[in-house]
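Trainee: One letter stands for each residue in the lines below.
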Amino acid sequence: MKRALKFLLCIALYGVCAVAYSAETRVIAEKLNFPWSVAELPEGGYLVTERGGKLVHVAENGTKQAVTLSIPDLYAEAQAGLFEVLLSPDFSRSRALVISYSCGTKHANNTCVIRGKLSLQQPYSVIETQNIFTALPKKDGAAHYGARMTWLGDGTLLVALGDGFVYREQAQLLDSHLGKIVRITRSGATPEDNPYTHTKAPQIFSYGHRNVQGLIYDKDRDAIWQHEHGPRGGDELNRIEKGANYGWPIATYGIDYTGAKVSPFVDLPGVKAPLYQWTPSLAPAGLALYEGDLLVAHLAGKRLQRFQMTAGKWELEGDYLQGLNQRLRAVYVGPSGRILVLTDSKEGQLLEVIFE
Amino acid sequence: MARVLIAFLIAIIGAALVGTVIQTQFNLSELTALSVVIDMPTRMNTILHDLLHFGPLFALILTPTLFVAFIVAALIAKKLPSLERWLFIVGGGVALAIAFLIVDSLAPMPTLIAANRSPLGFALMSITGAFAGWIFDRLWHPQPRELAEELMQ
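Heads up: the sequence lines are chains X and A, in that order. Read in order, the letters of the first sequence are residues 1 to 356 in full-length UniProt numbering. Read in order, the letters of the second sequence are residues 1 to 153 in full-length UniProt numbering.
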């Protein structure tokens, strides 16, 4: 109602007006230690991953309880740790979920995915865990893991990966998982219709990515939306297509942190150009669909952005939550339609965002 | 004193120019290895961009590093005057290599300068410190035969 009145007032004053929203927040839970992802449980409450390695159940009233989860090969340091928890499409029946994390040691690690089942009774535990994907090769250092995941309409799973920072050229090599988005079945098998099944990394679905931090399947448009971090500038919003090359590091709008050019080219033949690019970088982290719009949370940019599809193109509708002055790690819209946002700090919060 | 300052300034600028061009070639060679064709105008434009945007950062790393290295070299050279030139050359190179390792241990990324990812790149970038040492001592304490060289034939 308030929005309709604002719109009418705007029309009366200016003749033409974009629909502007205002965003309110409500704190659901506090004191989460660098929360990374959230999943809304059908029985109420939420699962939240903390990068340090804990899986936490947050009740509707904000009380927290640790979920028993055993990941012996978890490697947590700097950007490495526990990443995304994603419920299976049939979670209500199967209790199945998948979890991405960094596995290995300081000098030999990469992104791994396990599947498991959440117990029916509280206190919750994740049982019957089993590895379904390990990104190869194992690499040195604790940077750029990607690790966002989404289910496609055919029940297969997309897992976004990173380039490991110092291995950027491997994003163009089809025998390495670094800098790729991979597609696997829920048991970890490689679907026969993957585009590069003849290579040493047959799980590859798309390549040329730097550090993917947002990935979502839009079933209404049958499209996959993704965003990834550029270095200094060149953060990208892309539509992911099977087998396509997204350019890193041979074509980019970003330059290296040192000021040096990573590549002289912003586009090249055979490379998909971004639908939208952020220069200077806002460090997008988390991507969600809400009423057909895209919501993008930002770390360095400390804001939530809303994009609307206009004439087949994503256009920035507005910036929100800048008043919080918080790095935002993730945005998620669950089955209930509520918008959830995680702030990125030692005293992180789980927020509900209400657009009016 | 003015001679020392001018010599130091020229040494920093010389090393920053050479180091910048070296790192650009390493970055571009990684792209050509991926079958990207880079023509000469594009290569020259990239060098120019890097001189303007990478050069100042590299000069910022070089300045404190060589300041300390050259003081140490000068002190040792008092005891071993016959080795002065080599003390500045070796001192500049070793100090820059150590500075790279320190910067990489402090920076959030494993390797700040992409060219330093390979042993050859690390060695060549470090040698720019040795080049700075040579320039500095050549200007500060030119040897008699160097003074005898005619500037223009």
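Note that these hints are calculated values from the structure, not bench results. In this text the structure is predicted, and so the values were computed from the model without any measurement. One or more of the hints may lead you astray.
[What the hints assert, rightly or not] No more than 20 Å apart at the CA atoms, straight line, and that leaves these computed lysine to any residue pairs for SDA-like:
no., chain 1, residue 1, chain 2, residue 2
1, X, K31, X, D73
2, X, K106, A, L34
3, X, K200, A, L34
4, X, K106, A, P110
5, X, K138, A, T63
Trainee: Against each hint, give a clear statement of whether it holds in the structure.
Mentor: Structure-based check of each hint:
1. Simply put, K31 (chain X) and D73 (chain X) have alpha-carbon atoms about 26 Å apart, too far for the 20 Å limit, and the pair is violated.
2. For the suggested pair K106 (chain X) and L34 (chain A), the alpha carbons sit about 28 Å apart, so the restraint of at most 20 Å is broken.
3. For a cut-off of 20 Å, the pair hint linking K200 (chain X) to L34 (chain A) stands: about 18 Å separates their Cα positions.
4. Under the criterion of a C-alpha separation no larger than 20 Å, the hint pairing K106 (chain X) with P110 (chain A) is consistent with the structure, at around 11 Å.
5. Of the supplied pair hints, the one linking K138 (chain X) and T63 (chain A) is violated, its CA atoms being roughly 37 Å apart against a limit of 20 Å.
This entry does not satisfy hints 1, 2 and 5, going by the numbered hints stated previously.
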